[in-house]
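Peer 1: Spelled out, the chains give:
2 protein chains.
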Amino acid sequence: MTENPDRPAPRTVRVGLLGCGTVGGALTELVTGRCDDIAARTGVRLTVSRIAVRDARRPRQVQLADAVLTEDPASVVTADDVDVVVEVIGGIEPARTLITTALRSGKPVVSANKELLAHHGAELFELADAHGVDLLFEAAVAGGIPFVRPLRESLAGEDVTRVIGIINGTTNYILTKMTEEGWSYTEALAEAQALGYAEADPTADVGGFDAGAKAAIIAGIAFGVALSAEDVHHEGITEVSADDIATARRLGFQIKLLAVAERFDDNSVAVRVHPTMVPEEHPLASVRDSFNAVFVEGRAVGELMFYGRGAGGGPTASAVLGDVIDASVNLVQGSHASLGVFTPASLRPQSELPSAFYLAVEVADQPGVLATVAGVFGTNGVSIRSMEQVGADGDATARLVFITHAAREADVSATLIKLRSLDVVGSIDSVIRVLGDA
Amino acid sequence: MTENPDRPAPRTVRVGLLGCGTVGGALTELVTGRCDDIAARTGVRLTVSRIAVRDARRPRQVQLADAVLTEDPASVVTADDVDVVVEVIGGIEPARTLITTALRSGKPVVSANKELLAHHGAELFELADAHGVDLLFEAAVAGGIPFVRPLRESLAGEDVTRVIGIINGTTNYILTKMTEEGWSYTEALAEAQALGYAEADPTADVGGFDAGAKAAIIAGIAFGVALSAEDVHHEGITEVSADDIATARRLGFQIKLLAVAERFDDNSVAVRVHPTMVPEEHPLASVRDSFNAVFVEGRAVGELMFYGRGAGGGPTASAVLGDVIDASVNLVQGSHASLGVFTPASLRPQSELPSAFYLAVEVADQPGVLATVAGVFGTNGVSIRSMEQVGADGDATARLVFITHAAREADVSATLIKLRSLDVVGSIDSVIRVLGDA
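Chains as they are written, first to last, in the working numbering: chain A, 1 to 438; chain B, 1001 to 1438.
Note that these hints are calculated values from the structure, not bench results. Treat each hint with caution, since some may be false.
[To be verified] Rough simulated footprint, nothing fancy, chain A against chain B, three-plus residues with beta-carbon under 8 Å:
1. 1035–1042
2. 1146–1157
3. 1295–1302
4. 1309–1316
5. 1338–1346
[What the hints assert, rightly or not] Chain A is faced by these chain B residues, among others (derived, beta-carbon under 10 Å):
6. 1030
7. 1046
8. 1143
9. 1283
10. 1322
Predicted model, so just to flag it, every value in this text is computed and none were measured. Virtual Cβ for every residue (Gly too), placed ideally from N, Cα, C.
Just chain A, with the same shape it has in the complex (with noise of 0.2 Å):
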């Protein structure tokens, strides 16, 4: 694209750079590449003046153009020639501070930092309210997907009821390689640690922590609510064997790590991050491998899906990149990005909460055992959708597989403590929860 001779010069934006790893690397190269194109888009030029780094004398396969380079994150943060800050460093300290320093001295961030904006988001966002200037985070919810901006803005005027995210890559690509290769968890989670999807320490995400971190953002922007991660309830892919996953196949699901951010009538939520069988007819079914996907009900709008990278370089660059084009043209323009008001969240018990669930239970083969086992469920309140036999021929056990209607998780739970206590049940061998209706 050519510049418009009409157009003024483009105003030059300055960028200092917080971290200079995989994402602050691919960053400052989109940023070299890009900067014509978008100077004739958005009339902005943007440049990278300043980057902190660890180690200021280690070699960088980057080229850094002119910018001088820092072991001291905190002189970036105030230097006279940064307009726009941007934080891919990552964990709470120094981001926290650093954050709010630059906030206070009235510098736009942009930043991609799913642990500080999960646990102290609200007064990171009334902070740059009161101080008038953006702070902006596409990045640290769906990695490359542009989420935050059209779930804030977009649907700025909708009334959005429910959130199920697929936002941890590792996890979907162990549980991929499980249903469609016949992997065992531990062989899936070895390769994703050998391609690097995954941690030597994998417990963030396969525990459901990331997952968990991610989904507290999304739902205080969604619903408009204050709350953190503390306040998300988590279960890992940990548990989940080949067997689920052949028998969800065979019953027409898939087993994916969901998070589900949710508000009901009376205005209270609740986020939980567990895995979840998925009908196959289903959008987020068809998410394989480390993709992530975020899919959305609203009232008005019906069902939305937003699909793509939730991690890697060049996608998280990318929407880095998007978050400081945008403060950088507010900034020339004298307006910035409001969040609008957080109200303390009113949280629904996790024992409260509808779910249908999946029950593989063992049984004593003998006449009368499913009745008295369909009579426990029916007494503690859980309608049975579906039941079926499976394998136990000429055993002396059979396995029996439930999937339930919606119920509170509390009567499920009271109806597993029952099960369990009863001479004809041998053990229950898997619980897990079936994607419904709202």
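Assemble chain B onto chain A, guided by the hints.
Peer 2: Then chain B, alone, in the frame of chain A:
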């Protein structure tokens, strides 16, 4: 959400509505139902002050609150008590004149009019820019799916190379029913008409014209070029047979009507709409029924997909409302979103475009025919990816099914002309493009 007592009272923005059919009615209801929440979130209180309708005496289901009904749309676009104009009447005139007047009066405009924007978009965007006001059109491209805003803003720095859309719900419904229920084209069309998805004269949908208009708008924003619906090559779905669909499924494909907008390395662009075989594992293959989706390929971000309802009162009104809020916030802040510069498009001729093809050829069932036919592909520079012979046992003819690698369309045309001239070739029954890498 309650309003923060520290916040100033919301500024009221008065909406003038042109048209009050399905979308206009749904929008009016949404504004009434959601204005408190919107005020709490954005500081802007929306109200519908004037509505232009064809017949002001017709009884209406929708509660129009205090809005003034008029049969004179020109009075709405210049009224002092209208701050933002919403155009949902469709068609070129009088919409074009009304929008032009509104923009010249300094009023931001939100339009859902794909036909107008596909033919006169560049001229109207320039006018809006010249008068420093917004012209927003989220609903004109993919109904309720937030796509224009993410593409314009979140991806403002991204090097987008290709956009592929399922952007006509009627044809996607018809193809889904042919695929999943085995219906004929005629049966599926009749059901689409019964459900109100298809018009009595379905040409605009099944001929690819509707998708072509939307694709022209998408390509303009994605690549920053000025082009119109006339620049789009389109083929409809009327030639797609039940047999094509069955063969596609057997080979691992779904047939979809795709709009494909591409930019090549020399910055030339091409936009085309045609039935396409989509690999089962591609995210677009699982977009079913009347749903729409837009798939984006960018150098940094990789692959993205945006999925949702492309039509209907609620979804379309939701997209219009998002734009109305955006325009209102900008109005209050004294800013506006620039669309940037649209340079004249350098269009790559259809004959020069790369496409992979699926071809079904009836041939005489005799030795040496395959070599002869394959030789024609080779001498015309078309490389064969796979071939199989189907049916024809004991018959005098055989059916050869080819899938080619990507080849120039001109070379494929030359291949077809030569094949038709051969004595051993009876007929060429199907010529369908296959989705491949860019």
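Peer 1: All hints, please: hold or fail.
Peer 2: Status of each hint after checking the structure:
1. 1035–1042: Three-residue rule met by the region 1035–1042 of chain B, so holds; n is 5.
2. 1146–1157: holds (count 8)
3. 1295–1302: holds (count 5)
4. 1309–1316: This one holds; 4 residues, not fewer than the three required, reach chain A with a Cβ under 8 Å.
5. 1338–1346: Since three or more residues must qualify, the claim that chain A covers the region 1338–1346 of chain B holds, with 4 doing so at under 8 Å.
6. 1030: Holds, because the Cβ-Cβ distance from residue 1030(B) to chain A comes to roughly 6 Å (cut-off 10 Å).
7. 1046: holds, 8 Å
8. 1143: holds, 9 Å
9. 1283: holds, 6 Å
10. 1322: holds, 4 Å
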